[in-house]
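Hints in hand, dock the two standalone chains.
Residue strings, one per chain:
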Amino acid sequence: MTPTPARGARRRRISAAVASTTVAALALVACAPAAGDAGTGDDGDFAGQTLNALLITSHEGAANWLKERFEAETGATVELTIVPYDEIGSTLALDQQSGANTIDVAAPWYVSIGDLAAGGSIQDLTDWIESTPSLQTDDFIPSIYDPYTLVDGRRYGLPFDGDTHVLFYNKAILERNGITEPPTTWEEYLEDVETITANESANGVYGAAIFGQKSPLILGAAFANRLAGFGGSFVDESGRPTINSPEAVAAAQALVDVNDVAYPTPAETDFGVGNGAWYDGKVGFIENWTDLGVGSETNPDSTVAGTWGVTTLPVGDDNTRSRASLVAGFTWVIAANTEKTELAKAFIEFATSSEVNSALIVADPQTGIDPNRQSSLESAAYGEKYPELQRVNRATLSGSLAWPTGENASQAAQILTDELAKLLAGEGGTAQETLDRVQAEWEKILG
Amino acid sequence: MSPAVLAVVVLGLYPLLFILAAAFSDSTLGRPFRDWVGLENVETVLADADVVASFARTVLYAAAVSVASVVLGVVIALALERATRSGSVVRTVLLLPLITPPVVVGTLWKLVFNPGGGLLDTALRAGGADAASVAPLSSSAWALPAVGLADVWQWTPLVVILVYAALLTQDPSVREAASLDGAHGVRLFGHITWPAIAGTVAAVLLIRLVIALKVFDLVFVMTSGGPGQATTTTSYLIYQVALKEFDIGRASAITLLFAVIVTVVVLPVAALARRLSHA
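Listed in order, the protein sequences are those of chains L and B. Under the numbering used here, the first residue of the first sequence is numbered 53, with each subsequent residue one higher. Under the numbering used here, the first residue of the second sequence is numbered 12, with each subsequent residue one higher.
Simulated from the structure, these hints should not be mistaken for laboratory data. Beta carbons: idealized from backbone N, C-alpha and C, even for Gly. Certain hints may be false.
If you want the ones that stay clear, here's a sample from chain L, every Cβ over 12 Å from chain B, calculated [claimed, not checked]:
1. E123
2. S297
3. T359
Pairwise CB distance ranges, derived in the manner of DEER restraints [unchecked claim]:
4. E289/L <-> L57/B: 35 to 41 Å
5. A94/B <-> N251/L: 50 to 56 Å
6. E123/L <-> G139/B: 56 to 62 Å
So that you can see chain B by itself, here it is in the shape it has in the complex (with noise of 0.2 Å):
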């Protein structure tokens, strides 16, 4: 068997045969394949309204932080361009978000938040507020953008540093030409940056999404899937159902759903990337 071969098979086969005998029958964390039991763990999961809308919200979640992040990402990636001459130390500074465990990331966001004397409460104290009920990880509406702020400020790094190499790539005459003929902001931006940098662009776009639909650490640091299910994504849910409840059988088939989900929402991304790096 060639290496290739191997690898594949080890990476990504057994996984996968795994995944889907452990879907197809009743397995718990003991006694993995106790039985067939056919489609009933995938039934169970599409009739849990618990389970369906952790898929939802994942998938929004995913799509708002990759966003978020991209767009931020460029326009600080365009920032330290600009700054290229005395931007070494920022660029070391904005590394650091990246290079810092999730779990250490999770947190620092939660002492932030935290109601008890957190950095936001401190702040809005000393502004004279009433910081008594500012606890977004405690609640249902806020407790997700808290989490997808944290995922942003972790991630956001990557997008620039992949997007301020692919504007060192560009060419400095073309803009020295472009500015001479009298483009400038937006416009240069448009017609001469972006084209040169939108391949990577979408290409960090579905690096990022594919990295939010699998977020986990700080849900799991920050807010235990909570208040309620407001938090709970589908790699948590897959924890818990797997780790908690020992039931692999019904992990499985959620992660099998999930993997479908996840095909349907990247795929569009990526033929766009794979489309803008050939244009």
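Pulled out of the complex, with its shape left as it was, chain L reads as follows (with noise of 0.2 Å):
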């Protein structure tokens, strides 16, 4: 098979290092006899080294992906460490900062970035990917691109999974309710998620599964879309929050106004449990990601496929333009104290690129990878296998809803968590009482 040219740079670019390392390999030997995995073979540009990743558990599939084939690419041996969703910046952080040093690279949540930048647990990438022309990094979604590496002007890390919600509905429960199109706004939502439960929850079928636990990857995603569709944001462009703007305070009531209709319970939901719900077909609509629609037509669980469609996420009040809220979404970085940064580097370009992004997001089974390019985004496969996802991402990616991502970051999200948390179990007062207290604790920490 000819490279593509961005294929064909990168391995110059791995050529390269290899060279650079069999040098500095070839001195050491000299002095003395080495020992380890920092050598190379003959059989493989990186062969004989090894490199330990961290990811999390929704991205094990995509792993193990990546694994297989950087490993037959370059020799090198890739050791997986996945952890819980919400643990992969603590984990990264505690293994750097107590000297363990076995982890080489990393994917976490975008939002930790800062924190772990001003914690010194990653590498400050900005040069690299500057002079790196085979990272293409104009293909990276742009409204993905800079939330996702950007902490104070340097680029920390590069986009690995899109994570971006759309809302997908069940056209039988739909169809058995006599509602006839997918909603627009989140008001014909309620309507449609009342109905439905009221119709139908004696049998268990629900109107929609709420992401309700309290996590800010879980919870957090839920009033991420709604502040999204309701034309708020977390910050203004200075960086000053604004979650208690007349949006946000909105967003919160739409998620206190649909807890009560939801399947059981919103406190309790978290992907398992909504995305069972799901695949069961007990729940008219869901907010998810994008590969939802992938597992729905490939998870052997799934009672779904071929009945389910997906839409832009609804509008509210005087937002009339849907985009989507970069709700999750996961940037590889390179650990601090790695002795293969090099190959960390090669690793991640492999990971990113776009004919490797343009693989997962169409894989079978499913990886739960989402497009972080434009041209994986747009590419014939995702278009002819998932038209409709291609078509609601091509329609929200656009100036999409980001989280902070600076220093505190973390902090931030975890306090909206336990506020908007203690809303729903009617223990924070008014929405709008709640996030006044929200934007005082942000005012704090964020500036």
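Okay, structure coming up:
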């Protein structure tokens, strides 16, 4: 197979890195007998070297896919460490701070990169990215690239998993309840959910699954979807918090309104519970990552293959333009203290390339990866296999809503989540009071 | 340095000094001890209503599940002693919760309380009840008792074993003599059995209290501290602040204050255990 320009360039860089490594290794060998995994072999660019990669459970399929291909391409060995999605940042930070230094590359939640950078846990990759045209950074979806990589003008990673939510609906459930079109506003959405729950909850079918478990990546995502729909934002252009704006209050209230008619119960609904209810045909709507469409068709547990539809997230109040919220999203970073920086760079160049992203978003079994590049989003294979997903992604990725990413962003996300959890539990007063408290806390830590 | 001194330094002194230093400094997960901040972290923590509420919640929770475990454990141990000839299978079964990993216990009870087809839900539906709204782990009022139920289920066997062992050390002739003198039931228990096991029961209460004050795993698995803050115990809060918010300074300040509270709560029970053991 003729290599594409990007792959060819990448291979040249890998070869250059191999040459450098080889020279260094030969010099070391001349001085003393070498041990460990720093050498190179005859059968591959990084033969004999081992790369330790840290990923979350949702990316285990993608991790195995990458491991297999990268090992075949370079001769290196990739060791995977898989941790829960909300522990990857702390695992990486502790590994580096403790001096264990067992991790070379990781794909944490993009919101944590500011804290990881401030804590000296990840490398500043600005110079490498700017001096490496083969990375083709212009191809990254613009609304993803900066939020996923940029902290105070410096870049600390490259986007891995696009991760934006869209609204999936079960056509059969909607039809049974006389709903002919999916909702375009959050008000219509609430009416539809109420209708389905009223008609079918006795049979275990509900209007919607709402991700409400107390985690920034879960409850925070449900709120962010509505915040984007109502036209709000977490912070303004100068980085000042705007979390108690009228749009944010409307978003929080929309979440409260749907709480009582959702699949029981939002407080206990995490990804496993929500996705399980969806695959089981128990909910009319679910906000989810676009790869749920892939899973709906390929997951052995899915009973909704061929009976689902997908649309952009609803809008609310005066806002009429649907936009995505970057609710999750994961970024490849290089551990600060790794001694295998060149191998790590080669790996993340491979893992974030257009070819790899294009392959991952249509892979079967499902890999949990969403588009992060314009070329993969527009790829013929994606359009042919999942035209609806391509359409909604294309429609909403422009100007999408991102979480703050600077230092203390992890704490900010947790504060918001805690207060939203209290609001849903009836402990937090009104939506306005809840978000006023968050605004006050955010002003202290985000400035 | 003698082994004893080394053990004290490694197991006690170093962690304590680390927590003290972190509590009075600006410390993150990646960069501990960035700057000396004096009492700032402690003041921040004390001004945080959620933290103060977690202290009270944890102490009340620990007291409730400890008393429940001890009462239940003593009753079961007494019953076991009576059935000692045929009770070996029962004793083995009773040990199961104790040897089950806490994460499995949490998962099991989460499934029991699952409103979408869990044991409770299924049982209520089978009984004709509308179980749609029965979701203890989503109820601010019931979530903590539900976690407590799992806790009692898990740790009561420990109480049973220790109290049962104490019962076995009793001289049977004393009880027989009391019986011949007309002591039965509550009277026999109050005058003969209880004095013999009171020291053990108090010691078990102390152990149970300490375990309950540290509850984390069940909360982590069953509720993630929710709904709202209803099950956010102090151990869970410390985990959240340290490992999710990366704020080691504040987490250490909470730890320090919680250590003071634990000491205040535990000391009277320890004194009681000592007094009853020597009675």
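Status of the hints after comparison with the structure:
no. : hint                          : verdict
1   : E123                          : 30 Å, holds
2   : S297                          : 23 Å, holds
3   : T359                          : 20 Å, holds
4   : E289/L <-> L57/B: 35 to 41 Å  : 36 Å, holds
5   : A94/B <-> N251/L: 50 to 56 Å  : 54 Å, holds
6   : E123/L <-> G139/B: 56 to 62 Å : 59 Å, holds
Checked against the numbered hints above, the structure violates none of them.
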